[in-house]
Amino acid sequence: MNNLVGFLTLFKKETDRYMSVAIQTLFAPLVSSLLYLAIFGLPMREMSSQIVGVSYLAFLVPGLMMMGMINNSFQNSSSSLMISKYTGTVSELLVLPISSFEKVMAYTLAAMGRGLIVGFLTLVTAMFFVDIPLNNIPLIIIVCLLVNSSFSLLGICAGIWAKNFDQMAILNQFILMPMIFLGGVFYSIKNLSGLFQKLSMVNPVLYMIDALRYAFLGSSDISIFVSMSILVAINLISFTAAWWIFHSGYKLQS
Amino acid sequence: MIQCAIKSFEFNATPQDYVEKGLYMTLTIKKLNKVYGNDFTALHEIDLEVNEGEIFGLLGPNGAGKSTLINILCGIVRKSSGEVSVCGFQVPEQHIDVKKIIGVVPQELCADGFFSIQQVLEYQSGYYGIKNNLEYIEYLLKSLSLYDKKDEIARHLSGGMKRRLMVAKAMVHKPKILILDEPTAGVDIHLTVSLWELVKTLNKQGTTIILTTHNLKEAEEICDRICIINKGNILALDKTENLLKRLGDTKLMCLFFKDMPTNLEAIDDFKYSLNKNEKSISISYSGHEVSKVMHQVNSLNQVAMDLKIKEDSLEDVFKHLIGVA
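Sequence order for the protein chains is A and B. Counting along the first sequence from 1, when you hit position 73 you're at 73 in this note's numbering, and nothing is skipped either side. Counting along the second sequence from 1, when you hit position 263 you're at 263 in this note's numbering, and nothing is skipped either side.
Listed below are the simulated DSBU-like cross-link pairs for lysine-lysine, each with C-alpha atoms no more than 30 Å apart in a straight line:
id, chain 1, residue 1, chain 2, residue 2
1, A, 251, B, 30
2, A, 12, B, 176
3, A, 251, B, 100
4, B, 149, B, 162
5, B, 308, B, 319
6, B, 100, A, 85
No lab work stands behind these hints: they were computed from the structure.
This is chain A alone, in the form it adopts within the complex:
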């Protein structure tokens, strides 16, 4: 890196930004995840049903962690850039002596931090109520890092692409949320009928949730190698896209 101090400063600023409103950015998502756990999990516990050999609550926790991490890593980078557009400070990004690579890394690492904190808090809190197996801790960490980085990078792309908050809401509500909810947060795709199971297979979030479930529970619907390959591919594609956006000045320069 040519400007290490500049990169670290941008990373710190982005981190300070979400930490300054921690109730909104860290604790509100945690409460949401716990509410999902209570609403969907507790009635099922009484039914003592099991999915992939574990209790439904233990099955649910990795999915809820994933939901929190995806939402928050994506929202951190996208909303930061959207707010910059509205306050007019986005053009300052172009004037700074920080390279496109450094900018992408600073925004991504800060957003990853938020996603990882939300995921970690969700897990720790859930562990008070649910006995969750930790089958492969290194793999848990790797999957969490890859998922957070991919959605942080996609958040950068979305934040630059969206002209206004309406377009961002469309992305969030009509694309991201359905992908998360239909990606198997609350159910195993083995419980779906043939057509819906096939449709689910084109949803990349399915592979992410499945990889994390494998890391926690030791069993999954899809091969871990397939899931990890898709995760790495998404990271490469989203990093290239985010770097190109800053490098080319897409929607930033005229």
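Take the given structure of chain A and dock chain B to it, following the hints.
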């Protein structure tokens, strides 16, 4: 000593070549064109050079191309063609090096919604690789009368204070070139004066200043050289005093009388106009005709109650060049 204006500037040479040879100028623009997507030509074949250590004014009406030119320098706008070099570094190829040596105060007001003034300036220092800049930040805050507000969130400031914060941000890394795009818009007179004092101090310390302003009086007082631009074309580029001489050193003498003179043929050698309500005569003359005009005024045989001399201002030059009556 660094030679500033080199006519034989070679764009193929590396910046290091110029530093080693002691040969570089602050800003060189050659045949710069900018055409926006809707075929609007914002800049047409612009050629200009800015010397190290000067205060250079870029004047023109709204939409003249001033901000486009500045935004090309700082990387917000892409040029369509032409060559731009800042201290030997080419735009946009060596944009990171260029950005390190310039500070920009953009025209549009903008302020961060999360952080205090102090934090904003600390981050800004960090972006430029400066780890501990608290002393200089304090100096800037005091110089720009922002010190009492240093803990306030930037977005909650008034328009004038936001403008001053933007000026502080542009100066925080002690840039070699300070670009000010309408820096006094929305700033009150007292603070405008303190801002120009700060700019002059920086200039004396060796900072090159490039500014745009609508306030022609300001430009006349502060700028060493001025470029007047309109519809993307340079109309005039010269030292300020030379521009003022361009209209022919014409002056206007206004004489106010108790009783209007009747023998006006005494001043027939000069162009004049009468204002019977004010009982005044305005006589147009050149600087070297002072004795002659005074002699002929004496011949009017009326005692003047008051006298005013009006010289051509930059505003007159500006209006003349852009064709405003």
